[in-house]
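Those protein sequences? They're chains A and B, same order as listed. FYI, in our numbering the residues of the first sequence are 1 to 280. FYI, in our numbering the residues of the second sequence are 1 to 280.
Read the hints as simulated data drawn from the structure, not as lab findings. Be aware that one or more of the hints could be misleading.
One copy or two, either will do: identical chains are not told apart, so a pair holds if it fits within one copy or between any two.
Stated by the list, open to error - In silico DSSO-like cross-links for lysine-lysine, where the CA-CA straight-line distance does not exceed 30 Å:
(1) Lys23 / Lys2
(2) Lys65 / Lys102
(3) Lys2 / Lys81
Number of protein chains: 2
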Amino acid sequence: MKIITAIAEMRSLSVSHRMQGKKLGFVPTMGFLHEGHLSLMRCARQENDIVVASIFVNPTQFGPKEDLDRYPRDAEGDQAKCVASGVDVLFMPQVSEMYPEKPVVFVAVEGVSEVLEGALRPGHFRGVSTVVAKLFNIIQPHRAYFGQKDFQQCVVIKRMVAGLNLDVEVVVLPTVREQDGLAMSSRNSYLGKDERRVAATIWRALSEGDRLFRTGQRDAAALQGAVRSILLQEPGISVDYVEIVDPDGLRPQAVIENRTLILVAVRVGRTRLIDNLQFL
Amino acid sequence: MKIITAIAEMRSLSVSHRMQGKKLGFVPTMGFLHEGHLSLMRCARQENDIVVASIFVNPTQFGPKEDLDRYPRDAEGDQAKCVASGVDVLFMPQVSEMYPEKPVVFVAVEGVSEVLEGALRPGHFRGVSTVVAKLFNIIQPHRAYFGQKDFQQCVVIKRMVAGLNLDVEVVVLPTVREQDGLAMSSRNSYLGKDERRVAATIWRALSEGDRLFRTGQRDAAALQGAVRSILLQEPGISVDYVEIVDPDGLRPQAVIENRTLILVAVRVGRTRLIDNLQFL
Chain A
1 MKIITAIAEM RSLSVSHRMQ GKKLGFVPTM GFLHEGHLSL MRCARQENDI
51 VVASIFVNPT QFGPKEDLDR YPRDAEGDQA KCVASGVDVL FMPQVSEMYP
101 EKPVVFVAVE GVSEVLEGAL RPGHFRGVST VVAKLFNIIQ PHRAYFGQKD
151 FQQCVVIKRM VAGLNLDVEV VVLPTVREQD GLAMSSRNSY LGKDERRVAA
201 TIWRALSEGD RLFRTGQRDA AALQGAVRSI LLQEPGISVD YVEIVDPDGL
251 RPQAVIENRT LILVAVRVGR TRLIDNLQFL
Chain B
1 MKIITAIAEM RSLSVSHRMQ GKKLGFVPTM GFLHEGHLSL MRCARQENDI
51 VVASIFVNPT QFGPKEDLDR YPRDAEGDQA KCVASGVDVL FMPQVSEMYP
101 EKPVVFVAVE GVSEVLEGAL RPGHFRGVST VVAKLFNIIQ PHRAYFGQKD
151 FQQCVVIKRM VAGLNLDVEV VVLPTVREQD GLAMSSRNSY LGKDERRVAA
201 TIWRALSEGD RLFRTGQRDA AALQGAVRSI LLQEPGISVD YVEIVDPDGL
251 RPQAVIENRT LILVAVRVGR TRLIDNLQFL
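Chain A extracted, bound-state conformation (with noise of 0.2 Å):
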């Protein structure tokens, strides 16, 4: 596996696999990789003959008093299961190289952008957007791979694709979760054994909403009761929201339809955590 850090670099060797017709797939990543990165690479592997992995914690996409300072890092980790799992490539720029001045420039997905994980962080997803145009623009894949835990980002990325009809199509694989049910994140390393225990009712409060469903219920607001109820009845847990939505523009329904989705943030301790079930 190579390891490249400049972007000239990497732009360079992105440019000749393409002259050569190989076709790219990418797999953006904050590192401390987990399972469901992993399953995204391997993915990537089987659909592509050349894997592009990014590790990079992108500094404008946490707020002032967000978590960047002690987001995890394993780099030395972070490189044997890259290997494992099939990567060509990992780019691991520097935030320097990604931003060598204050950044001026911005990708803004309106509407999608400002609901739910946008309303309580203001700016995020503007983050997310520009950092992962930057990153298309210097690795210029065929096919880009994210998972369906952080499903308002791919609805704001499958967007911004649209919307600046970048070349790359956007693959979402479905959430890896550990044996309990809690969705895998890197943020999960935050949680302490009891923390770590009531985490585990976000899934089980999920489950339930899924389960009304396969039992007929359509209704919207019995259905959110229903699972903002279980997660209230744990005293470990602060809910910032439960959100029953369309898949595609993110807006609230009334009726439960064939891929209506429920989304899901709480904090348990100073750990913010989020999840989703899409009704199928």
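Place chain B on chain A using the hints.
Below, chain B without anything else, positioned relative to chain A:
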């Protein structure tokens, strides 16, 4: 010359040229072509294997009270001029092809988009940077050509290219002028005969500025005053601004140095005209 109206066809043609190692030069325009545009095309012809020009009157860069509806058009004449200037591919998409839905994705360039033209035409440069990003992503050129007449636009686009790591070299070529010095512009076609004569005052005023610089004047306020007073002596002209700025950040300068610019915007009747001169 090939005429293309569909994004998918344009993109696949560009990709296939790139795969063959061809260098693509791109001249984006809003049509109603004049010698300024044609000079860009001829330069692109010399420097590249394939020359792509676009004609697209981009609605998102016009304000609600601006001249979108009456912007001059001449598709047939433009096509003949493109052929004569060595264009290989003319991309002429409909508005519905470029914006199939109400646009929600925007590229914003903070700072340099907000002064001068940006202050008088809010949202103008956001529209420009977004459509240029779209066109770059569709056409995937190695080089793109712009005229110095729209100096601020060139600065905005260079910043955007750097900020989003777009793989495009931005080439800026000198303003082409009429015999009396008026900068060529599609909007000159709006001018009545008297207005056309009045409009030549802009270049007379800028030339006086240049003469003062060459005879040693380095005080920006004094030079600016001299240029402004020439413009104000012409009753057919209203001055929007006369500003002396640095060429990279467009910040006002007190002392004129090499590469400092003077930028002028005026109205002649209903027609807004801009021009500039760099002190060298």
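### Message
Treating 30 Å as the Cα threshold, decide for lysine 2 and lysine 81: within, between, both or neither.
### Response
within (14 Å within a copy, 49 Å between copies)
#### Entry: Intra- versus inter-copy proximity for lysine 102 and lysine 65 (alpha-carbon distance at most 30 Å)
within (19 Å within a copy, 34 Å between copies)
### Query
Which holds for lysine 23 with lysine 2 at a C-alpha limit of 30 Å: within a copy, between copies, both or neither?
both (17 Å within a copy, 28 Å between copies)
Checked against the numbered hints given earlier, the structure satisfies every one of them.
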